[in-house]
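Q: Take a look at the letters that make up each chain.
Protein chains: 2
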Amino acid sequence: MRYIGIDLGGTKIAAGLTDENGHLIMKDSVPTRKEREYPEIIADMAALCERLIERDGIKTTDVKSIGIGCPGTPDTKNGVIVYANNIRFRNVPVAAEMRRHLDIPVIVDNDGNCAALAESVAGAAKDAAHSITITLGTGIGGGFIIDNKIYSGFNFAAPEVGHMAIIVDGEQCSCGRRGCWEAYASATALINQTITAARWDSNSLINELTGGDLNRIDAKTAFDAARKGDEAGIRVVGQYIVYLAEGITNLINLFSPEVFAIGGGVSNEGEYLLKPLREHVKKGVYSREEIPQTFITAASMGNDAGIVGAAMLGL
Amino acid sequence: MRYIGIDLGGTKIAAGLTDENGHLIMKDSVPTRKEREYPEIIADMAALCERLIERDGIKTTDVKSIGIGCPGTPDTKNGVIVYANNIRFRNVPVAAEMRRHLDIPVIVDNDGNCAALAESVAGAAKDAAHSITITLGTGIGGGFIIDNKIYSGFNFAAPEVGHMAIIVDGEQCSCGRRGCWEAYASATALINQTITAARWDSNSLINELTGGDLNRIDAKTAFDAARKGDEAGIRVVGQYIVYLAEGITNLINLFSPEVFAIGGGVSNEGEYLLKPLREHVKKGVYSREEIPQTFITAASMGNDAGIVGAAMLGL
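Protein sequences, first through last, are from chains A and B. Counting in this note's numbering, the first sequence runs from 1 upward without gaps. Counting in this note's numbering, the second sequence runs from 1 upward without gaps.
One or more hints might be untrue.
Since the list gives no way to pick out one identical chain from another, each pair is judged satisfied if it fits inside one copy or across any two copies.
With a straight-line Cα cutoff of 30 angstroms, these simulated DSS-like cross-link-like pairs (lysine-lysine) come out [to be verified]:
#	residue 1	residue 2
1	Lys64	Lys283
2	Lys228	Lys77
3	Lys149	Lys220
4	Lys282	Lys149
5	Lys149	Lys77
6	Lys149	Lys126
7	Lys12	Lys283
8	Lys64	Lys12
9	Lys282	Lys12
10	Lys283	Lys77
11	Lys59	Lys77
12	Lys282	Lys228
13	Lys275	Lys59
14	Lys282	Lys64
15	Lys126	Lys77
16	Lys282	Lys77
17	Lys59	Lys282
18	Lys228	Lys59
19	Lys77	Lys220
20	Lys275	Lys220
21	Lys228	Lys12
Everything labelled a hint here was simulated from the structure, so no lab data went into it.
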């Protein structure tokens, strides 16, 4: 059987065809043009699926399901996107609307859940029944896999890992609450921390690396400076890793997943990030060393996680 | 069928006989005398079970299982208590040892998990597939019920809800980490907060209620003073509820349980605690009001939660 996964983003609609092991056979995309009404966007999604089916030379009946992942809150049971952060969907009956174009079962879910499922089926958490995958980006997205299935609570709204407060009454978060983890450990937070450090220390390598233009600072800049021995860079990275580790420690103390996978651009820093991160987590984790411990690693599915995870919703 | 549940505490071994709905038919207890070697303690546990069976006039074969709950880390799969906080058990093969006395299947689990299971089967979370129960005591214990079953992670160590940091680098916790939730929101923390307030404000009703002896302050004192309009009491209770609410908000954002039950003596404060608590949580929860929201309530199984939950391990 074949599976189709769609990553419905604010900029583009990416779709892919996979086998039952989450192996990506082909992919394609079209612009979202998110200002449009939902029937037009969904018609484009259906056309994209048809193109993949045609290109692979298979029939509609060879496709077991179409999974759709998008940021926001799904009603998985009824195939409805209740609310999306990045497009204007409010209570859109996506599954029913797709079925007007294509006779294939449709499943919707949150994009963080899809990324976690992708890592669980084909990526860094492949052999673990219980795993957590987070993505460090504008915020911190995440998904919990329990017994090889997505866990999203009784109302499909869980888990909002980024909105776990790690410092009560701390930094203002975009959600309205204060002290949320993503206000300290998202890529956005890292960029803000790097900009602040560059302002305080105008002789730092951070300033040199960006030609003095602080707008050019990204989530790599502090790491680049730190690797070259720059004090400001080392300070920023050290503090950032503490914030990241404290949130991960919380999630391990709460969940004991076998694998904890970290995705997003920051995870490309590899062992330079992971080694001190693991050391900090080890100090804070409650369970004793004589019992098996959670393995912390980089996510491995990269940009295809959304497509593959959405496809695997049909498993 | 009948089920036996044992609550293995540091002071006493309490056991009860239930039906399959978690209805407690009878209970009994003996002192733990925890300084003894484990075979003696386990022999007493078996004798207690035999006494319940005899008193109910049933046969051993009428008992489906004996569940044993204790603080610490179980190896549920192998029926071993890896580590207990309150007695000297280290890697004790409890199930095998019990079987030397009685031919009934034995299951071990953590006491926080048992309390959560009791609330799920027969208490405040009776009709919810997903629920969380916490107990506010010396620390904060807790259990997660997912799909009507205990969830304890791949190593049976989860969830350590009390050891979720809510203020990175905050108050020292007994676990070695800093800023853990239980350092702010356990009954012990509330008592410490009340003592501090009484020291700062010697005219407060707190001092009067305890006859000036701060050692007599317990987890009720600040609530008693607050209900009578005492400013110091109101301040302590208000801040305590914020700490409690922030941790609960985190757990709701992460898990979206249908029911969140609060046990331990503090939960006897009823709506005086729950009303402001719910209001604070509502402000911090990420999910929008148009989708179903977690119901926060007091646990209802009281001191029998441990026994009944342990019995229900055999369901």
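Q: What are the numbers of the hints that this structure violates, sorted from low to high?
A: Hints 1, 2, 3, 7, 9, 13, 14, 17, 18, 19 and 21 contradicted; others consistent.
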